[in-house]
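Taking the hints into account, I'd like the entire structure generated from these sequences.
As you go down the protein sequences, you meet chains A and B in turn. Take the first sequence: its position 894, counted from the start at 1, is 894 in the UniProt record's numbering, and no numbers get skipped. Take the second sequence: its position 105, counted from the start at 1, is 105 in the UniProt record's numbering, and no numbers get skipped.
In case anyone wonders, no lab produced these hints; they're calculated from the structure. Every value quoted in this text rests on a predicted model; they were computed, and no experiment measured them. Wrong hints could be hidden among the right ones.
Unchecked claim - With a straight-line Cα cutoff of 25 Å, these simulated DSS-like cross-link-like pairs (lysine-lysine) come out: (1) K471/A with K153/B; (2) K489/A with K312/A; (3) K471/A with K166/B; (4) K153/B with K650/A; (5) K150/B with K650/A; (6) K150/B with K590/A; (7) K310/A with K153/B; (8) K107/B with K471/A; (9) K107/B with K305/A; (10) K471/A with K167/B; (11) K530/A with K487/A.
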Amino acid sequence: MSSLVSTPFTLPCSKKLDQLTLLHTFLPRRSGRVARPISIQCAAVMGNGLFTQTKPEVRRIVPEPNGSMGLPRVKVVYVVLEAQYQSSLSAAVQALNADRKYAGFEVVGYLVEELRDEETYKTFCKDLEDANIFIGSLIFVEELALKVKAAVEKERDRMDAVLVFPSMPEVMRLNKLGSFSMSQLGQSKSPFFQLFKRKKQSAGFAESMLKLVRTLPKVLKYLPSDKAQDARLYILSLQFWLGGSPDNLQNFLKMISGSYVPALKGTKIDYADPVLYLDSGIWHPLAPMMYEDVKEYLNWYGTRKDLNEKAKSANAPVIGLVLQRSHIVTGDDAHYVAVIMELEARGAKVIPLFAGGLDFSGPTERYLRDPVTGKPFVHAVVSLTGFALVGGPARQDHPRAIEALRKLDVPYIVALPLVFQTTEEWLISTLGLHPIQVALQVALPELDGGMEPIVFSGRDPRTGKSHALHKRVEQLCTRAIKWAELKRKTKTEKKLAITVFSFPPDKGNVGTAAYLNVFSSIYSVLKDLKRDGYNVEGLPDSAEALIEDVIHDKEAKFNSPNLNVAYRMGVREYQALTPYAQLLEENWGKPPGNLNSDGEHLLVYGKQYGNVFIGVQPTFGYEGDPMRLLFSKSASPHHGFAAYYSFVEKIFGADAVLHFGTHGSLEFMPGKQVGMSDVCYPDSLIGNIPNIYYYAANNPSEATVAKRRSYANTISYLTPPAENAGLYKGLKQLAELISSYQSLKDTGRGPQIVSSIISTARQCNLDKDVNLPEEGVELSAEERDLVVGKVYAKIMEIESRLLPCGLHVIGEPPSALEAVATLVNIAALDRPEDGIYSLPSILAATVGRNIEDVYRGSDKGILADVELLRQITEASRGAITAFVNRTTNSKGQVVDVSNKLTSILGFGMSEPWVQYLSSTKFIRADREKLRTLFEFLGECLKLVVADNELGSLKLALQGSYVEPGPGGDPIRNPKVLPTGKNIHALDPQAIPTTAALQSAKVVVDRLVERQKVENGGKYPETIALVLWGTDNIKTYGESLAQVLWMIGVRPVADTFGRVNRVEPVSLEELGRPRIDVVVNCSGVFRDLFINQMNLLDRAVKMVAELDEPEELNFVRKHAQQQAQELGVPLREAATRVFSNASGSYSSNVNLAVENSSWNDEKQLQDMYLSRKSFAFDCDAPGAGMMEKRKVFEMALSTADATFQNLDSSEISLTDVSHYFDSDPTNLVQSLRKDGKKPSAYIADTTTANAQVRTLSETVRLDARTKLLNPKWYEGMMSSGYEGVREIEKRLTNTVGWSATSGQVDNWVYEEANTTFIEDEQMRKRLMETNPNSFRKLVQTFLEASGRGYWETSEENLERLRELYSEVEDKIEGIER
Amino acid sequence: MATTSLQSLRQTFLHRHHRQPFATIYNHETKLTFLFKPSKSTTKYVLFSNLSSSSLATTPTSTTAATTSTTPSLDLLERHLSTQDYRQADEVTRRLLIDLAGEAAQKRGYVFFSEVQFISSDDLRAIDQLWRTYSQDRFGYSVQKRLWEKSRKDFTRFFIRVGWMKKLDTEIEQYNYRSFPDEFVWELKDDTPEGHLPLTNALRGTQLLQCILTHPAFDEAEAGEESDEEVSEESVPKGVEKGNERKKLLEYKPNYSF
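See the structure below:
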């Protein structure tokens, strides 16, 4: 599925395009149509390259010439989001024309999305030229709303009537009915004005509009009669429209044309009043009526003769369905009926409720919950609307939705009908669901806690009608019932499959998950489940024993190459249980294959305890044939992988699977990005099993991929509490020397101490970070201060760096004291929106300083400022520690923060922070500001130490609603806490925010300044940078905004705060040239933010087309050169936004490095180019990702600098492999004509004082604070087995940096060798604890040396070689 | 402005207006309902005019309106089948099914899966028999049942097998529903897929079809029936064989029309 893009048919597009269009429309070919020539490889792109190829012609009805002879003609043009109106309107018009009474009606309809196509838009404008009546509805996409507005505005005065139903204000203002107009909307005190106020509205304005419709008639009598008449007709129109049936629409057209079309002025046209239907109620295709009372409905249900007793019994699962009324009134309900039939056929009862407005929260509560007992009537709810529960496509109210769902307390699924695409368009698209639908109907429902975005219905291109996608309906319904069963089944009978990962595939890696001590966590979960009544028979009595069971016994780490085999699956059995097995043969041959196989059977690794199975998820399988697979755009899961999930679902019979920790491979298997089809692997693999997934709270982006592609209920867990890195060895010595320098510098001992400082700094390899004077050079007092200040600043930077210590264990929240460092950092940020001042700024103010100035001074190495900053930091820690101490009991647990706080706040003097500060120089700190801050910190503290992770898992397992919450960095956004929430990303159209743009400017300006300084005063012409999903979620789009600011454009938000437009910033305002960019988006960013990729591409193309001098617009300069060289239009050359092919992730450089399976750097670079050169084209967005390697290479060859962002303290350069995986530094060098190595920068926005450092500085900082820092590695070692792996991982990632950027200093390897290998005790501990990981560690050292990244003594190498064979023997079981 | 039930709305809707021949995939049952009241001359007229002005223009048939407005019956079905007018036979079959499913189904315009149990085995078998008879055993529910079972009761496989889904031109093998009626085969040719007709589409999922295929009517040993029919079809003149069948049906439920 993933790889349509590659279908290598290079189209001579123009011809084929028209044929394709014709297939769709069955219309005569329009002669004037000129297809845009597409010279690039355009694969499965259809037609105009847009998402939809449908044409309005299928919605055009022209009265028969002889039928309407002599009758006046009335032309109606409509634009709607809801295709369901098409058949109803067509029927209405046909009936009118058949009557041949008053007029001949010509009607033509457009679906909003179609207006993207230039040709269609022209037809639209032309259609408007002689139209009498315009109708619009639900136009909420800004780009298109503006197009509608522009076109209709021109004809508005001439037209007889313009009717726009709930839409963006811009379009609503077009309304005109005689004297009734909304043109003053938002400006005057018209009744409608209230609807658009930007204040936080509860129900969104569509809802208010409906309310208005109900109340306005009362107001009308106070209006002058003619005005009242027009307003009344508008209201009637809305009622007709919402009534939606052909009858209503027929009367609607009669009324409007009779009243406003001049040619019909004299004719008396009778029309009936609108037939009104219930606003909301319960509907069932078999029921004789709609019900407003759920009891009545259930009574009727009980009398159904077509159902057997079992289906009606009290034991049957009951599913609530949420439907859109418009589908029912317009008769476009086949897809709803399909779901109802499927559920009933599978033995479930249904309560299908519908509502006409956009707020479903009321009806949900009313019809699905017993008003008396408060208990839900249902075991699960499935929304078939695709919309957020409150607000539809307009303005959402998530808190209200969450409140309603929390009360209901059942699993909540939001399935999707195709809205913007036809069935076939969705099927052939590698992106899958249209990005706008993803934004509206996937991302927004997630904020309500909605799960499982399964596309269950398609849309027919000609009738616009919805139809079931039978397999998808089956998938949706079986999954919904499975979730409902969780609510029904008893704990003892429930079967749970816990799945752990082994990544990269190595025995030492079983149970990998970011920041998580997996086996201890599983153990803690199982103990808890056991207590709670689940059957966990035979659970051993320690986590250690659990590991042994799964990976055999302790000795098995040495003796057996295999893990514990839980099941051997014969090939026939495998094929019978796995319907898609045959599809895997293309990549993997006949089953069983070599992976997870003994040659005859497929092996499932794991161990069962009672009703709990702990299994090891097979790997991607790259180790099987790495190079072929690593280069391919996508591969499929191997047979062993498929067998694992077949076993879990069909043999073990899991009621739920629990994927344990961040992250596995399932959700990254090939398939559409979002909106899986029958042939997408994640969907096939997960099958019918409800998926619960423990996910690190700081990784919302990948969690979102798991959510969308593997239907996971993602429950967040906390990353380990952060601590300050502290100082050790030489660094500690340095700190002491500096301290004595400060007290003794004026005594004449100054120069002596300074020279000790300088030599110690050299020993600590600080000479690359600080410009140290040669020894023996005479320094003035000022120069001495400066040197000391710079070293001091560096030391403080290391000391105060936050790092997560050890690994988190589920169910063991940090103690209050462990939370101090986190609180200190939370306190370091200003939060102007909440009126909270940061602690450092409050403290700095007491000594008359602005904290920003102190930061600047400290960065420059001004000794006094470094010292002041240190004091501020110390005082912050002290004050917060004092506060935390006061709120905790003797065991270190937080007790009742709020009560404590109240009592504390009651007596001004006893405030612990005040007490503490009174002993420092900051005694006069502003009490009020402190109090506000500490109240906030008190709240945060409660959240940090809250323990909801086990609780939420149990909720999910018992089929309860798990409250959603944002993922991200708890320091920036404490709302991430408490963990144990169903994490989600954010509204993708909400970024970048204005605040993000502000921060982005600071970083870009610093980056450009720094590059200028290091590059002879020249501006960089091009910067190659990376966009990460998580980074942009955490920062609300800072890095996205950075790109915009580099090229000099700014985002423009619409009425709803959604960003869909950009405008250029003038060169005067920018004050520098527009800098060209090469944007490499991670696969996850692409999945989450395809609209923003679109926006970026538009921005780049817009800038390239600005008529500006080349030397002030590098985008234009390069694009022109490239256009000429490649012989393509400028717009095409201006392609700068790249990523992977759809459904594929990462450059795989990381996998190659982790497997040590690469030959030379060239190979890694080729891999990068072949996987990362897919571009998104805003001119052909429907085409998805297209390979444009040539432009990619050319653009990279102009890069003067490479750049990435670090967004949070827990994930730094060597913690994960992603950062080097996407680093193109060496690649750029090889592409550049002059062969010059580009500068490489890392922006660090993890602290209040944002920094732009060079890559090598950052690598050094990282090594010093983690790999080489006793505090860090001892913390890891205390986690045992998993800790060794973490240490090894850091070293492997360091080698990755050597390979991609060459920015790792020799001393880093040397020191690492000293720490972990030379130290005999240390190496013994490592070997004992996790020999497999230790072997990898030794191997990596040898590899670093072999590849020339580390020069060291022969002695060191000899020791490593010996160690390697020693550990090898040990693992193989050869005792020496 | 009265509040009426949705059901009554839909009823009027269906009977009076739902006549645009959705020239595609799945809609046919719905649009047929209004035809159950052919007595209204206006309806008939409207239907006709609409047909000519709509996209059905692409459909090759021209006799549609005239014939479909006739009451569906086994007779009518046989008439179409015997003249190899499978297109009409297909429509009549669906209408028969709706009719057999009861009044509620007629009002609604389609059969709800749980209503299939109320259709008698004889009726279903009679329909099946006619199809098999006039297709050399290539069409009919029992033929479809056999193919469905061969497809491991997987509807996608089955749909592909009987030619109701078409392969898309994508790298990964994928199928989409065929567009009704243009993309269906309305003649019995050598390459017409076995089981292609009569069509029960997936517009509302597969439960209806599943209920038909698992109806007790088709429970009996396939092999025996099959061979019987084969024999009769080859040896007995068609008219005779069919006459018997119909008689049997009429005896069972004489007032079959509506």
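Here's how the hints hold up against the structure:
1. K471/A with K153/B: 13 Å, holds
2. K489/A with K312/A: 18 Å, holds
3. K471/A with K166/B: Within the cut-off at roughly 15 Å; holds.
4. K153/B with K650/A: OK: K153/B and K650/A at ~17 Å, within 25 Å.
5. K150/B with K650/A: This hinted pair holds, its Cα atoms lying about 22 Å apart.
6. K150/B with K590/A: 23 Å, holds
7. K310/A with K153/B: 24 Å, holds
8. K107/B with K471/A: 28 Å, violated
9. K107/B with K305/A: Answer holds: K107/B to K305/A is near 17 Å, not above 25 Å.
10. K471/A with K167/B: Holds, because 16 Å separates the two Cα atoms, which is no more than 25 Å.
11. K530/A with K487/A: Distance of about 18 Å is within 25 Å: holds.
When the structure is compared with the earlier hints, a violation turns up for hint 8 alone.
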